[in-house]
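K.L.:
Sequence:
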Amino acid sequence: MFGLGHKQQKKIEAELRARLQTMEAEHKAEKERLHSLLEEKEQQLQQAQQQGNYKAEAMSWQLKGGDMLLSIRDGLATMAEELTNERKALKQLDSAFDHTREALQKLGHRANLINEQANTSLQAATVLDTTANAISRLVSSIQEISDQTNLLALNAAIEAARAGEAGRGFAVVADEVRALAAKAHGASQEIESLVAQVIGQTNSILSAIDQNLKVASDVAASSTQIDAVVGEVIDRSDHMQTVIRIATTNSFLNTVKLDHTVWKNQVYSLIERGEFAAGVNSHTECRLGRWYYEGYGSRKYADLINFKALEDPHRGVHESGRAALTCGEEGDHKGMLKYLEQMEAYSMGVVRCIDKLMQEVSRKQG
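For what it's worth, numbering that gives the first Met the number 0 labels the leading residue of the sequence shown as 0, then goes sequentially.
Just so you know, the hints here were simulated from the structure itself, not pulled from any lab data. From a predicted model like this one, the values you see are computed outputs, not experimental measurements. Careful, some of the hints might be misleading.
Below are the DSBU-like pairs computed for lysine-lysine, each with C-alpha atoms no more than 35 Å apart in a straight line [stated by the list, open to error]: (1) Lys256 with Lys363; (2) Lys333 with Lys40; (3) Lys87 with Lys299.
Construct all of the structure, not just a fragment, from the sequences and the given hints.
P.N.:
In C-alpha coordinates, the structure reads:
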(Lines of atoms letter the chains of each structure in order from A and count residues from 1; the text may use other names and numbers.)
(Lines give C-alpha, C1' and ligand atoms only; values in the text may rest on other atoms or scores of the structure.)
Protein backbone atom coordinates (compact mmCIF):
# COMPACT_ATOMS: atom_id res chain seq x y z
CA MET A 1 0.00 0.00 0.00
CA PHE A 2 2.81 2.28 0.91
CA GLY A 3 4.73 1.17 -2.14
CA LEU A 4 1.76 1.99 -4.40
CA GLY A 5 1.48 5.46 -2.95
CA HIS A 6 5.15 6.09 -3.48
CA LYS A 7 4.91 5.15 -7.16
CA GLN A 8 1.96 7.47 -7.72
CA GLN A 9 3.83 10.30 -6.09
CA LYS A 10 6.79 9.82 -8.38
CA LYS A 11 4.47 9.69 -11.36
CA ILE A 12 2.86 12.95 -10.33
CA GLU A 13 6.24 14.54 -9.79
CA ALA A 14 7.32 13.40 -13.21
CA GLU A 15 4.19 14.84 -14.80
CA LEU A 16 4.67 18.11 -12.93
CA ARG A 17 8.30 18.24 -13.95
CA ALA A 18 7.37 17.62 -17.59
CA ARG A 19 4.65 20.25 -17.45
CA LEU A 20 7.08 22.70 -15.86
CA GLN A 21 9.57 22.10 -18.63
CA THR A 22 6.84 22.62 -21.20
CA MET A 23 5.79 25.85 -19.52
CA GLU A 24 9.39 27.00 -19.37
CA ALA A 25 9.77 26.27 -23.07
CA GLU A 26 6.54 28.13 -23.85
CA HIS A 27 7.61 31.01 -21.66
CA LYS A 28 10.95 31.15 -23.38
CA ALA A 29 9.27 31.10 -26.78
CA GLU A 30 6.81 33.81 -25.69
CA LYS A 31 9.67 35.83 -24.31
CA GLU A 32 11.52 35.53 -27.58
CA ARG A 33 8.36 36.44 -29.51
CA LEU A 34 7.77 39.49 -27.33
CA HIS A 35 11.40 40.47 -27.65
CA SER A 36 11.17 40.16 -31.42
CA LEU A 37 7.91 42.15 -31.42
CA LEU A 38 9.53 44.79 -29.25
CA GLU A 39 12.45 45.06 -31.63
CA GLU A 40 10.01 45.34 -34.54
CA LYS A 41 8.06 48.10 -32.79
CA GLU A 42 11.28 49.90 -31.97
CA GLN A 43 12.27 49.74 -35.63
CA GLN A 44 8.84 51.04 -36.66
CA LEU A 45 9.14 53.80 -34.08
CA GLN A 46 12.56 54.73 -35.40
CA GLN A 47 11.21 54.74 -38.95
CA ALA A 48 8.28 56.87 -37.85
CA GLN A 49 10.65 59.24 -36.10
CA GLN A 50 12.81 59.40 -39.21
CA GLN A 51 9.76 60.05 -41.38
CA GLY A 52 8.65 62.70 -38.93
CA ASN A 53 12.08 64.27 -39.12
CA TYR A 54 11.96 64.16 -42.91
CA LYS A 55 8.52 65.77 -42.91
CA ALA A 56 9.64 68.41 -40.44
CA GLU A 57 12.73 69.11 -42.50
CA ALA A 58 10.67 69.25 -45.70
CA MET A 59 8.24 71.61 -44.02
CA SER A 60 11.19 73.71 -42.90
CA TRP A 61 12.44 73.91 -46.48
CA GLN A 62 8.93 74.78 -47.58
CA LEU A 63 8.87 77.65 -45.13
CA LYS A 64 12.30 78.82 -46.27
CA GLY A 65 11.10 78.61 -49.85
CA GLY A 66 8.08 80.61 -48.85
CA ASP A 67 10.36 83.32 -47.43
CA MET A 68 12.22 83.40 -50.73
CA LEU A 69 8.96 83.67 -52.67
CA LEU A 70 7.89 86.47 -50.36
CA SER A 71 11.11 88.31 -51.19
CA ILE A 72 10.56 87.76 -54.92
CA ARG A 73 6.98 88.93 -54.64
CA ASP A 74 7.99 92.11 -52.85
CA GLY A 75 10.65 92.73 -55.49
CA LEU A 76 8.14 92.34 -58.30
CA ALA A 77 5.66 94.55 -56.49
CA THR A 78 8.33 97.24 -56.12
CA MET A 79 9.18 96.94 -59.80
CA ALA A 80 5.52 97.27 -60.74
CA GLU A 81 5.26 100.39 -58.59
CA GLU A 82 8.38 101.86 -60.21
CA LEU A 83 6.96 101.13 -63.66
CA THR A 84 3.74 102.86 -62.66
CA ASN A 85 5.70 105.92 -61.51
CA GLU A 86 7.68 105.85 -64.75
CA ARG A 87 4.45 105.77 -66.71
CA LYS A 88 3.24 108.85 -64.81
CA ALA A 89 6.54 110.60 -65.59
CA LEU A 90 6.12 109.78 -69.27
CA LYS A 91 2.63 111.27 -69.20
CA GLN A 92 4.10 114.47 -67.78
CA LEU A 93 6.74 114.37 -70.52
CA ASP A 94 3.98 113.97 -73.09
CA SER A 95 2.32 117.09 -71.70
CA ALA A 96 5.59 119.01 -72.05
CA PHE A 97 5.98 117.79 -75.62
CA ASP A 98 2.42 118.84 -76.39
CA HIS A 99 3.22 122.36 -75.18
CA THR A 100 6.43 122.31 -77.23
CA ARG A 101 4.54 121.21 -80.32
CA GLU A 102 1.98 123.99 -79.81
CA ALA A 103 4.80 126.53 -79.44
CA LEU A 104 6.48 125.22 -82.59
CA GLN A 105 3.21 125.40 -84.49
CA LYS A 106 2.79 129.02 -83.37
CA LEU A 107 6.40 129.71 -84.37
CA GLY A 108 5.80 128.18 -87.78
CA HIS A 109 2.62 130.22 -88.18
CA ARG A 110 4.46 133.41 -87.27
CA ALA A 111 7.27 132.52 -89.67
CA ASN A 112 4.68 132.10 -92.41
CA LEU A 113 3.20 135.49 -91.53
CA ILE A 114 6.66 137.06 -91.64
CA ASN A 115 7.21 135.42 -94.99
CA GLU A 116 3.91 136.73 -96.31
CA GLN A 117 4.59 140.23 -94.98
CA ALA A 118 8.09 140.13 -96.44
CA ASN A 119 6.65 139.15 -99.81
CA THR A 120 4.15 142.01 -99.58
CA SER A 121 6.94 144.42 -98.64
CA LEU A 122 9.04 143.04 -101.46
CA GLN A 123 6.25 143.70 -103.92
CA ALA A 124 5.78 147.24 -102.55
CA ALA A 125 9.52 147.88 -102.70
CA THR A 126 9.59 146.59 -106.26
CA VAL A 127 6.78 148.98 -107.21
CA LEU A 128 8.62 151.79 -105.41
CA ASP A 129 11.81 150.93 -107.27
CA THR A 130 9.93 150.97 -110.58
CA THR A 131 8.35 154.34 -109.70
CA ALA A 132 11.73 155.77 -108.66
CA ASN A 133 13.25 154.65 -111.95
CA ALA A 134 10.34 156.25 -113.83
CA ILE A 135 10.85 159.51 -111.89
CA SER A 136 14.55 159.32 -112.64
CA ARG A 137 13.82 159.03 -116.34
CA LEU A 138 11.36 161.95 -116.06
CA VAL A 139 14.00 164.06 -114.30
CA SER A 140 16.40 163.27 -117.10
CA SER A 141 13.80 164.51 -119.56
CA ILE A 142 13.27 167.69 -117.49
CA GLN A 143 17.03 168.30 -117.38
CA GLU A 144 17.22 167.80 -121.12
CA ILE A 145 14.31 170.23 -121.64
CA SER A 146 15.99 172.69 -119.22
CA ASP A 147 19.23 172.48 -121.16
CA GLN A 148 17.39 173.01 -124.44
CA THR A 149 15.45 175.95 -122.95
CA ASN A 150 18.66 177.50 -121.64
CA LEU A 151 20.24 177.09 -125.06
CA LEU A 152 17.21 178.70 -126.73
CA ALA A 153 17.34 181.59 -124.22
CA LEU A 154 21.03 182.08 -125.00
CA ASN A 155 20.32 182.15 -128.73
CA ALA A 156 17.42 184.55 -128.15
CA ALA A 157 19.71 186.90 -126.19
CA ILE A 158 22.25 186.84 -128.99
CA GLU A 159 19.56 187.63 -131.56
CA ALA A 160 18.15 190.41 -129.32
CA ALA A 161 21.59 192.00 -129.11
CA ARG A 162 21.83 192.00 -132.87
CA ALA A 163 18.40 193.56 -133.21
CA GLY A 164 19.34 196.46 -130.98
CA GLU A 165 16.62 198.61 -129.55
CA ALA A 166 13.92 196.65 -131.35
CA GLY A 167 14.92 193.42 -129.71
CA ARG A 168 15.10 194.74 -126.14
CA GLY A 169 11.70 193.25 -125.17
CA PHE A 170 12.68 190.01 -126.71
CA ALA A 171 15.87 190.10 -124.59
CA VAL A 172 13.80 190.52 -121.43
CA VAL A 173 11.76 187.49 -122.36
CA ALA A 174 14.95 185.58 -123.08
CA ASP A 175 16.29 186.49 -119.62
CA GLU A 176 13.08 185.25 -118.02
CA VAL A 177 13.26 182.03 -120.00
CA ARG A 178 16.91 181.62 -118.97
CA ALA A 179 16.00 182.17 -115.30
CA LEU A 180 13.13 179.71 -115.60
CA ALA A 181 15.43 177.16 -117.21
CA ALA A 182 17.93 177.67 -114.38
CA LYS A 183 15.21 177.08 -111.81
CA ALA A 184 13.99 174.00 -113.68
CA HIS A 185 17.54 172.72 -113.84
CA GLY A 186 18.04 173.29 -110.10
CA ALA A 187 14.73 171.64 -109.27
CA SER A 188 15.55 168.70 -111.50
CA GLN A 189 18.91 168.30 -109.73
CA GLU A 190 17.17 168.31 -106.35
CA ILE A 191 14.61 165.79 -107.63
CA GLU A 192 17.44 163.68 -109.00
CA SER A 193 19.18 163.77 -105.61
CA LEU A 194 15.97 162.77 -103.84
CA VAL A 195 15.31 160.02 -106.37
CA ALA A 196 18.86 158.74 -105.84
CA GLN A 197 18.19 158.61 -102.09
CA VAL A 198 14.88 156.82 -102.71
CA ILE A 199 16.60 154.31 -104.97
CA GLY A 200 19.32 153.77 -102.37
CA GLN A 201 16.76 153.26 -99.63
CA THR A 202 14.76 150.99 -101.92
CA ASN A 203 17.85 148.87 -102.54
CA SER A 204 18.47 148.70 -98.78
CA ILE A 205 14.85 147.70 -98.21
CA LEU A 206 15.09 145.06 -100.92
CA SER A 207 18.28 143.68 -99.36
CA ALA A 208 16.71 143.63 -95.88
CA ILE A 209 13.56 142.01 -97.23
CA ASP A 210 15.64 139.40 -99.01
CA GLN A 211 17.49 138.63 -95.76
CA ASN A 212 14.18 138.51 -93.87
CA LEU A 213 12.82 136.10 -96.45
CA LYS A 214 15.82 133.85 -95.98
CA VAL A 215 15.53 134.05 -92.18
CA ALA A 216 11.79 133.36 -92.32
CA SER A 217 12.40 130.40 -94.62
CA ASP A 218 15.09 129.07 -92.28
CA VAL A 219 12.81 129.54 -89.27
CA ALA A 220 9.96 127.76 -91.04
CA ALA A 221 12.27 124.92 -92.12
CA SER A 222 13.73 124.59 -88.60
CA SER A 223 10.25 124.67 -87.10
CA THR A 224 9.15 121.92 -89.48
CA GLN A 225 12.21 119.80 -88.66
CA ILE A 226 11.82 120.30 -84.91
CA ASP A 227 8.12 119.54 -85.15
CA ALA A 228 8.93 116.32 -87.00
CA VAL A 229 11.49 115.36 -84.33
CA VAL A 230 9.06 116.16 -81.53
CA GLY A 231 6.38 114.15 -83.32
CA GLU A 232 8.72 111.18 -83.58
CA VAL A 233 9.64 111.49 -79.90
CA ILE A 234 5.97 111.66 -78.97
CA ASP A 235 5.25 108.57 -81.09
CA ARG A 236 8.08 106.71 -79.37
CA SER A 237 6.87 107.99 -76.02
CA ASP A 238 3.40 106.63 -76.81
CA HIS A 239 4.96 103.29 -77.71
CA MET A 240 7.01 103.32 -74.50
CA GLN A 241 3.87 104.08 -72.51
CA THR A 242 2.15 101.12 -74.13
CA VAL A 243 5.12 98.84 -73.37
CA ILE A 244 5.38 100.10 -69.79
CA ARG A 245 1.61 99.77 -69.31
CA ILE A 246 1.71 96.15 -70.48
CA ALA A 247 4.87 95.43 -68.47
CA THR A 248 3.32 97.00 -65.37
CA THR A 249 0.20 94.88 -65.68
CA ASN A 250 2.18 91.70 -66.39
CA SER A 251 4.55 92.41 -63.52
CA PHE A 252 1.63 92.92 -61.17
CA LEU A 253 -0.13 89.75 -62.34
CA ASN A 254 3.09 87.76 -61.95
CA THR A 255 3.30 89.18 -58.44
CA VAL A 256 -0.23 87.91 -57.88
CA LYS A 257 0.92 84.40 -58.83
CA LEU A 258 3.57 84.60 -56.15
CA ASP A 259 0.97 86.00 -53.77
CA HIS A 260 -1.01 82.80 -54.17
CA THR A 261 2.06 80.69 -53.46
CA VAL A 262 2.85 82.77 -50.37
CA TRP A 263 -0.78 82.69 -49.25
CA LYS A 264 -0.96 78.89 -49.64
CA ASN A 265 2.36 78.59 -47.83
CA GLN A 266 0.83 80.58 -44.99
CA VAL A 267 -2.08 78.11 -44.81
CA TYR A 268 0.33 75.15 -44.76
CA SER A 269 2.46 76.88 -42.15
CA LEU A 270 -0.55 77.43 -39.87
CA ILE A 271 -1.53 73.77 -40.28
CA GLU A 272 2.01 72.61 -39.52
CA ARG A 273 2.09 74.71 -36.35
CA GLY A 274 -1.46 73.70 -35.42
CA GLU A 275 -2.61 77.33 -35.40
CA PHE A 276 -5.91 76.56 -37.08
CA ALA A 277 -7.77 79.44 -35.47
CA ALA A 278 -5.42 82.04 -36.94
CA GLY A 279 -7.19 84.03 -39.63
CA VAL A 280 -6.19 84.47 -43.28
CA ASN A 281 -7.52 87.24 -45.51
CA SER A 282 -10.48 86.85 -47.86
CA HIS A 283 -10.44 87.13 -51.64
CA THR A 284 -11.47 90.80 -51.47
CA GLU A 285 -8.73 91.75 -48.99
CA CYS A 286 -5.62 90.43 -50.76
CA ARG A 287 -3.59 92.38 -53.33
CA LEU A 288 -5.42 90.79 -56.26
CA GLY A 289 -8.81 91.41 -54.62
CA ARG A 290 -8.14 95.12 -54.11
CA TRP A 291 -6.87 95.43 -57.69
CA TYR A 292 -9.83 93.42 -59.00
CA TYR A 293 -12.69 95.09 -57.12
CA GLU A 294 -11.48 98.61 -56.38
CA GLY A 295 -8.25 99.36 -58.20
CA TYR A 296 -6.75 99.71 -61.66
CA GLY A 297 -8.04 96.35 -62.85
CA SER A 298 -11.69 97.19 -62.25
CA ARG A 299 -11.26 100.53 -64.06
CA LYS A 300 -9.35 99.26 -67.11
CA TYR A 301 -10.09 95.58 -67.69
CA ALA A 302 -13.61 94.94 -66.37
CA ASP A 303 -14.85 94.26 -69.90
CA LEU A 304 -12.25 91.56 -70.67
CA ILE A 305 -13.41 87.93 -70.74
CA ASN A 306 -10.53 86.50 -68.72
CA PHE A 307 -10.79 89.29 -66.15
CA LYS A 308 -14.37 88.19 -65.46
CA ALA A 309 -13.34 84.51 -65.44
CA LEU A 310 -10.75 85.19 -62.73
CA GLU A 311 -13.26 85.92 -59.96
CA ASP A 312 -14.59 82.38 -59.27
CA PRO A 313 -11.27 80.49 -58.96
CA HIS A 314 -9.78 83.33 -56.93
CA ARG A 315 -12.68 83.21 -54.49
CA GLY A 316 -12.36 79.39 -54.42
CA VAL A 317 -8.70 79.55 -53.37
CA HIS A 318 -9.45 81.67 -50.32
CA GLU A 319 -12.64 79.86 -49.33
CA SER A 320 -10.99 76.41 -49.63
CA GLY A 321 -7.95 77.48 -47.62
CA ARG A 322 -10.11 78.90 -44.84
CA ALA A 323 -12.32 75.79 -44.87
CA ALA A 324 -9.21 73.59 -44.53
CA LEU A 325 -8.14 75.52 -41.42
CA THR A 326 -11.65 75.17 -39.98
CA CYS A 327 -11.58 71.38 -40.53
CA GLY A 328 -8.16 71.20 -38.91
CA GLU A 329 -9.44 73.08 -35.89
CA GLU A 330 -12.33 70.60 -35.61
CA GLY A 331 -10.02 67.61 -35.97
CA ASP A 332 -11.49 66.64 -39.36
CA HIS A 333 -8.20 65.77 -41.08
CA LYS A 334 -9.92 64.07 -44.00
CA GLY A 335 -11.99 67.18 -44.68
CA MET A 336 -8.88 69.33 -44.28
CA LEU A 337 -7.03 67.35 -46.96
CA LYS A 338 -10.05 67.57 -49.27
CA TYR A 339 -10.18 71.37 -49.02
CA LEU A 340 -6.42 71.64 -49.47
CA GLU A 341 -6.76 69.66 -52.69
CA GLN A 342 -9.54 72.02 -53.81
CA MET A 343 -7.39 75.01 -52.92
CA GLU A 344 -4.60 73.74 -55.16
CA ALA A 345 -7.03 73.10 -58.02
CA TYR A 346 -8.51 76.59 -57.73
CA SER A 347 -5.02 78.06 -57.54
CA MET A 348 -4.10 76.43 -60.86
CA GLY A 349 -7.29 77.93 -62.30
CA VAL A 350 -6.21 81.37 -61.09
CA VAL A 351 -2.81 80.98 -62.75
CA ARG A 352 -4.40 79.91 -66.06
CA CYS A 353 -6.80 82.87 -65.99
CA ILE A 354 -3.95 85.26 -65.20
CA ASP A 355 -1.84 83.93 -68.10
CA LYS A 356 -4.77 84.33 -70.50
CA LEU A 357 -5.53 87.78 -69.08
CA MET A 358 -1.95 88.92 -69.71
CA GLN A 359 -2.23 87.80 -73.34
CA GLU A 360 -5.59 89.55 -73.69
CA VAL A 361 -4.23 92.77 -72.18
CA SER A 362 -1.22 92.67 -74.53
CA ARG A 363 -3.51 92.30 -77.55
CA LYS A 364 -5.78 95.11 -76.36
CA GLN A 365 -3.03 97.59 -75.53
CA GLY A 366 -0.54 96.55 -78.20
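K.L.:
Take the hints in turn and mark each one as holding or not.
P.N.:
Hints and how they fare:
no. : hint               : verdict
1   : Lys256 with Lys363 : 22 Å, holds
2   : Lys333 with Lys40  : 27 Å, holds
3   : Lys87 with Lys299  : 16 Å, holds
Checked against the numbered hints given earlier, this structure breaks none of them.
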